[in-house]
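Engineer: Can you build the whole structure from these sequences, using the hints too?
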Amino acid sequence: MADLPPPVQGPTAKERKYDRQLRLWGANGQIALENSHILLVNSGPGVVGVETLKNLVLPGIGNFTIQDSAVVSEADLGVNFFLEEEHLGGYRAEHTCNLLKELNPDVNGNFITEPIDTWLSNPDVLSPYTLILVIAPIKPELLAKISTHANTALIPFFYVHSVGFYSHFSVHLPPAFPIVDTHPSPETTTDLRLLKPWPELLEYVALKTRDLESMSADDHGHVPFVALLLHYLEEWKKEHNGEVPQNYKEKTAFRDIVSKAARTNNAEGGEENFDEAVAAVLKSLNPPEPSSTVKDIFKAPESLLIRQNSPSFWVIANAIGLFYTKYGVLPVPGAVPDMKARSADYIELQNVYKSKARKDLAEVLDSVRFLERNAGRSEPIEEKDVEAFCKNAAHIKLVRGRPLLTIPAEGELKWGDRAKAIAQTLTFPDSLVPLYIAFLAWDKFVTTHDKDASLVAPKVPGEADSDVEADTEKVTGMAVHIANQLVKEANTSLDEDDLSTLNKQLSDFSHELVRAGGAELHNISAVTGGTVSQEIIKVITEQYVPVDNTCIFDGVKSKTAVFRV
Amino acid sequence: MAEISTQESSSENSRARWTYLDKILNRPGPFTDPDAFIPGTKESVERAKILVIGAGGLGCEILKNLALSGFKDIHVIDMDTIDVSNLNRQFLFRASDVGSYKATVAARFVESRVKGVKITPYCGKIQDKDEEYYMQFAMIVCGLDSIEARRWINATLVGMVDGSNPDSLKPLIDGGTEGFKGQARVILPTMTSCIECQLDMHAPRAAVPLCTLATIPRQPQHCIEWAHIIAWEEHRKDMTLDTDDPEHITWLYTQALARAAEFNIPGVTYSMTQGVVKNIIPAIASTNAIVAAACCNEAFKLSSNTNPFLGFPGTENYMMYTGDESVYTYTFEHQKKDDCPVCGSDTIARPITVSPSSTLQDFVDGLAERPEAQLKKPSIRTGSKSLYVQSMESLELQTRHNLERKMSDLVDEGEEIVITDRAFPTQFKYKVVFGK
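So the sequence lines, in the order shown, correspond to chains A and B.
For what it's worth, the UniProt record's numbering labels the leading residue of the first sequence as 1, then goes sequentially.
For what it's worth, the UniProt record's numbering labels the leading residue of the second sequence as 1, then goes sequentially.
Just so you know, not all the hints are guaranteed correct.
Dumping the calculated DSSO-like pairs for lysine-lysine here, alpha-carbon to alpha-carbon at most 27 angstroms [to be verified]:
(1) A:Lys391 / B:Lys181
(2) B:Lys278 / A:Lys559
(3) B:Lys377 / A:Lys557
(4) A:Lys283 / B:Lys336
(5) B:Lys181 / A:Lys14
(6) A:Lys559 / B:Lys181
Pulled a few chain B residues facing chain A out of the computed Cβ check, cut under 10 angstroms [as the list claims (entries may be wrong)]:
(7) Tyr20
(8) Lys23
(9) Arg27
(10) Gly57
(11) Gly70
(12) Asn88
(13) Gln90
(14) Tyr101
(15) Val161
(16) Gly179
(17) Met191
(18) Ile216
(19) Tyr270
(20) Thr306
(21) Leu310
(22) Gly323
Pulled from the structure, derived: some chain B residues nowhere near chain A, Cβ distances all over 12 angstroms [as the list claims (entries may be wrong)]:
(23) Arg47
(24) Thr120
(25) Glu132
(26) Ala138
(27) Ala149
(28) Met201
(29) Ser345
(30) Arg370
(31) Gly383
(32) Val389
(33) Arg405
(34) Thr426
Simulated from the structure, these hints should not be mistaken for lab results.
Backbone N, C-alpha and C define an ideal beta-carbon position, used for all residues, glycine too.
Structural biologist: As structure tokens, this is what we get:
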């Protein structure tokens with residue numbers, strides 16, 4: 001030991017501070033966070049946006065900017081943790097920004113106190129930001145302006161409500177938002193290709209199962225289960241015209257064969273490697289067919305036509321699509337789960353899978369290079385990106401972002417191609433779509449109740465105790481109207497029972513929203529700030545799978561629902 | 001506390017500060033129970049003495065949330081001091097606080113930020129406190145990372161319930177997180193499913209068999225565990241392993257690296273060594289925010305009756321949150337178990353499968369890993385004799401010889417065994433069922 005060179009450097013100060021999160025999104029995810037600049041357009045009591053930023057400043061986003069023209073009031077101090085008494089009368093943007101910055105010296109924070117109307121009328125004012133977070137209430141024209149910018153600049157845009165016990169957010173992602181590093185759960189990623197073995201794997205099996213019956217007890221108990229299964233599969237095929245077990249019945253029959261082959265005349269009364277083989281039969285003897293989501297990605301127009309400026313995702317998707325067309329399978333991912341085996345036998349097996357994975361990768365890489373030459377691309381895609389794609393090819397995801405559904409300044413709300421799907425879920429038991437509609441009605445109320453004509457401080461329903469009843473009636477009426485329009489647009493109808501249940505739900509949800517009188521409850525804003533910041537992290541790091549595209553939180557029942565509108 | 005709070009400055013006492021909260025406290029909603037909710041009542045929240053266990057990732061959030069929900073008398077227990085790796089989420093701490101007690105720093109910070117709230121810290125273990133201490137609280141909110149501590153407080157609160165004194169029933173609200181996932185649950189001790197009833201939902205990771213570590217390692221983790229369990233004992237027996245000491249981790253890392261090289265196993269890193277040895281669970285601010293606030297939302301509803309809360313007998317009591325693939329929550333009623341060793345009926349013993357040919361030692365080792373038991377230092381007795389006792393050295397010596405004996409020689413099928421463990425203020429009753 002003494003002659004070993006000193007070990008590699010321990011972790012850096014930054015690695016130590018961020019250790020618990022680097023174990024989730026790694027150095028690449030962290031770099032993406034550090035390169036981001038998030039704009040918060042704050043409004044209302046202004047807590048949910050600040051709570052969201054808190055959860056982003058702590059893990060070290062690069063920059064944030066708060067736009068908020070509100071002045072700190074006594075009421076802010078009872079709900080916002082990032083304001084203090086001495087800030088009364090000052091700008092909320094300035095003081096929340098400063099207290100947030102205290103959380104992490106690595107983060108840059110800025111603030112803008114100019115009212116949103118005039119600020120947005122300056123040219124290019126949104127261009128510095130890589131992601132925009134807008135808190136309701138906001139004028140529909142301004143929301144539309146930000147949405148248009150997000151659409152052309154291809155940046156993610158979140159719109160958030162936190163009202164009393166309820167909250168909502170919708171996210172507008174670019175029209176093609178692909179994710180390679182989806183972090184699938186480890187149980188779903190094992191892909192051993194037992195039904196499509198290649199010659200080197202079969203050679204390995206032959207070697208490791210030679211004279212299986214006459215092996216010593218110790219040898220027999222250490223044959224890796226992959227070798228056992230492939231060995232017995234070969235035997236099975238001999239008696240079944242070269243076919244592997246096809247259905248559940250045959251698979252259980254095959255499982256019995258493997259199970260009976262275990263030796264039980266030992267102290268343990270069985271063998272662990274055989275137990276592992278038996279347990280793996282049902283899930284491993286499936287043809288390695290990619291999911292339809294993955295196959296759809298190969299068929300996407302962006303994948304079919306590679307241009308000079310195509311994002312690298314599509315070039316690699318095209319190349320892997322070619323591989324799939326040729327072989328009917330995806331590249332071998334190359335990972336082998338742990339199993340009872342001797343060290344050397346296991347490492348050898350691992351190498352059989354790894355070399356196959358490398359071979360498949362090389363073939364995909366050739367296609368990528370070919371596509372690059374054809375499209376006249378100058379910057380070659382890095383091999384590690386192609387490798388990451390090959391490893392996770394079965395689990396890649398594509399989210400088709402679309403503009404938010406928002407109350408237009410004039411005219412009716414249009415649900416478009418989502419009308420049918422949403423109308424169908426409207427009357428599901430426990431559906432939170434009615435609550436979403438109540439939020440839309442809440443927005444509608446705000447746009448039609450212009451307090452001081454400038455809408456700098458829009459009137460929200462239920463502000464005064466004396467308004468609650470009348471405003472509840474108004475918001476309910478608007479919600480019922482929106483629901484009716486939806487049902488109409490979907491070209492469907494509701495029976496009387498469904499209709500009365502729905503109307504009762506719309507009325508209850510509207511009442512609970514109006515009850516709050518525009519108040520945020522700190523807990524609900526903290527839950528929502530947590531959820532929205534998780535989503536922002538997923539979107540910025542391009543890891544895990546983001547919400548598509550609307551999420552509702554019901555703090556009365558402690559439940560969420562996600563749907564696409 | 002003998003101290004009488006004097007009138008604070010008018011601005012601190014100003015109700016204007018609670019404008020938003022008062023909208024909810026003053027107005028009934030469509031789901032409020034008219035018998036339980038009295039509009040305009042502030043005292044039920046303000047006067048509720050509430051205990052927060054843990055001042056870490058969840059605890060910091062919980063303290064902030066309770067203070068901004070109108071709770072004014074909060075106590076907090078935590079035995080830990082602040083580490084640099086806490087700073088990515090435990091937002092009440094700064095780099096200059098590293099090394100100080102979490103409970104004290106967290107309490108002072110929230111008190112200074114939210115005027116009018118009193119937070120009493122205790123830097124120590126929950127086990128230091130007795131029933132009298134726990135009896136003073138209206139409810140308890142837990143943000144812990146240890147299953148053992150949760151089971152201890154759960155068993156204590158169940159044990160405190162006295163049918164003739166309704167004040168002895170202390171609602172327990174518990175949160176937990178791992179990466180992008182977490183859960184929030186509400187327990188009414190003896191009335192609804194308790195932590196022990198739900199134990200099998202949080203199964204421990206299966207330990208790697210010692211013989212794999214010793215003779216046939218295959219994974220980088222096996223090499224690290226070997227360094228941790230075997231190499232340290234061999235070379236540094238006289239030194240206590242301190243997993244926070246970089247020199248110790250570096251030593252283990254070097255050992256693991258050498259062993260991996262010997263077996264051609266790739267992938268041992270310093271970070272992995274740290275992760276395996278300290279059993280590190282990834283943790284981020286956003287997940288803590290979600291789970292802590294979901295817990296405090298229930299605490300607020302429970303105190304104020306402003307809306308129905310999770311955990312009312314016969315209703316949903318458990319919310320599971322998953323954020324890594326879209327957002328998914330599952331909120332359900334976890335059923336109380338009649339044979340729960342903590343809150344179940346005293347007369348029902350839970351069946352436990354025992355291999356008659358295995359030794360008592362195997363059985364003892366297995367108890368740590370069985371999802372429904374998870375007992376690390378068990379003492380075991382039958383109705384007539386002690387099989388193995390770990391709680392006293394002399395008894396341990398007397399009963400040690402049993403460890404090598406077969407289970408079938410020690411117990412009969414159907415016989416009741418009682419297991420105790422110093423970590424828990426209760427006993428676990430089981431009925432032996434012979435398996436293979």
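Engineer: Would you mind marking each hint as holding or not holding in the structure?
Structural biologist: Hint by hint, here is what the structure shows:
Only pairs whose Cα atoms come within 27 angstroms are accepted, and lysine 391 (chain A) paired with lysine 181 (chain B) is accepted, the gap being roughly 24 angstroms. Note on lysine 278 (chain B) and lysine 559 (chain A): the hinted pairing is violated, with a Cα-Cα distance of about 34 angstroms set against a maximum of 27 angstroms. As the CA atoms of lysine 377 (chain B) and lysine 557 (chain A) are separated by approximately 40 angstroms, the hinted pair breaks the 27 angstroms bound. The straight-line distance between the Cα atoms of lysine 283 (chain A) and lysine 336 (chain B) is roughly 33 angstroms, outside the 27 angstroms bound, and the hint therefore fails.
For the proposed pair lysine 181 (chain B) and lysine 14 (chain A), the alpha carbon gap of about 24 angstroms is at most 27 angstroms, so the pair holds. The straight-line distance between the Cα atoms of lysine 559 (chain A) and lysine 181 (chain B) is roughly 15 angstroms, inside the 27 angstroms bound, and the hint therefore holds. Hint status for tyrosine 20 (chain B) relative to chain A: holds, with the closest Cβ pair at about 4 angstroms, below 10 angstroms. Of the supplied interface hints, the one on lysine 23 (chain B) holds, with its beta-carbon coming within about 4 angstroms of a beta-carbon of chain A, less than 10 angstroms.
Proximity of arginine 27 (chain B) to chain A holds as hinted, the smallest CB-CB distance being about 5 angstroms (cut-off 10 angstroms). Evaluation of the glycine 57 (chain B) hint against chain A yields a held restraint, the C-beta minimum of about 9 angstroms falling below 10 angstroms. Annotation: glycine 70 (chain B) was flagged as interfacial toward chain A, and the flag holds, the nearest CB pair being 8 angstroms apart, inside 10 angstroms. Of the supplied interface hints, the one on asparagine 88 (chain B) holds, with its beta-carbon coming within about 5 angstroms of a beta-carbon of chain A, less than 10 angstroms.
For glutamine 90 (chain B), the shortest C-beta to C-beta distance to chain A is roughly 9 angstroms, which falls under 10 angstroms, so the interface hint holds. Below 10 angstroms, beta-carbon pairs count as interface contacts, and tyrosine 101 (chain B) has none with chain A, the closest being about 20 angstroms; its hint is therefore violated. The closest approach between the C-beta of valine 161 (chain B) and any C-beta of chain A is roughly 25 angstroms, which is over the 10 angstroms cut-off, so the hint fails. Interface hint at glycine 179 (chain B): satisfied, since its Cβ lies 6 angstroms from the closest Cβ of chain A, which is below the 10 angstroms cut-off.
Hint on methionine 191 (chain B) is violated. Least Cβ distance to chain A is approximately 19 angstroms, over the 10 angstroms limit. Proximity of isoleucine 216 (chain B) to chain A holds as hinted, the smallest CB-CB distance being about 5 angstroms (cut-off 10 angstroms). Evaluation of the tyrosine 270 (chain B) hint against chain A yields a held restraint, the C-beta minimum of about 6 angstroms falling below 10 angstroms. The beta carbon of threonine 306 (chain B) comes within 8 angstroms of a beta carbon in chain A, closer than 10 angstroms, and the hint placing it at the interface holds.
Against a cut-off of 10 angstroms between C-beta atoms, the interface hint on leucine 310 (chain B) holds, since the closest Cβ of chain A lies about 6 angstroms away. Taken as an interface hint, glycine 323 (chain B) checks out: its beta carbon lies about 5 angstroms from the nearest beta carbon of chain A, inside 10 angstroms. Distance check on arginine 47 (chain B): its Cβ is at least 17 angstroms (rounded) from any Cβ of chain A, clearing the 12 angstroms threshold; non-interface status holds. At roughly 20 angstroms from the closest C-beta of chain A, the C-beta of threonine 120 (chain B) stays outside 12 angstroms, upholding its exclusion from the interface.
Its beta-carbon lying about 31 angstroms from the closest one in chain A, glutamate 132 (chain B) satisfies the requirement of being farther than 12 angstroms from that chain. The beta carbon of alanine 138 (chain B) sits about 17 angstroms from the closest Cβ of chain A, which is more than 12 angstroms, so the claim that it is off the interface holds. Annotated as non-interface, alanine 149 (chain B) keeps its C-beta farther than 12 angstroms from every C-beta of chain A; the closest such distance is 19 angstroms. Here methionine 201 (chain B) stays apart from chain A, with its beta-carbon at least about 16 angstroms from theirs, past the 12 angstroms limit.
Listed as a non-interface residue, serine 345 (chain B) keeps its Cβ farther than 12 angstroms from every Cβ of chain A; the least gap is roughly 30 angstroms. The Cβ of arginine 370 (chain B) lies farther than 12 angstroms from every Cβ of chain A, with a closest approach of about 18 angstroms, so its non-interface assignment holds. Non-interface status of glycine 383 (chain B) relative to chain A is upheld: no Cβ of that chain comes within 12 angstroms, the nearest being about 29 angstroms off. For valine 389 (chain B), the condition that its CB be more than 12 angstroms from all CB atoms of chain A holds, with the nearest at approximately 27 angstroms.
The Cβ of arginine 405 (chain B) lies farther than 12 angstroms from every Cβ of chain A, with a closest approach of about 15 angstroms, so its non-interface assignment holds. With a cut of 12 angstroms on Cβ distances, threonine 426 (chain B) stays outside the contact zone with chain A, its closest approach being about 29 angstroms.
Hint check: violations occur at hints 2, 3, 4, 14, 15, 17; the rest are consistent with the structure.
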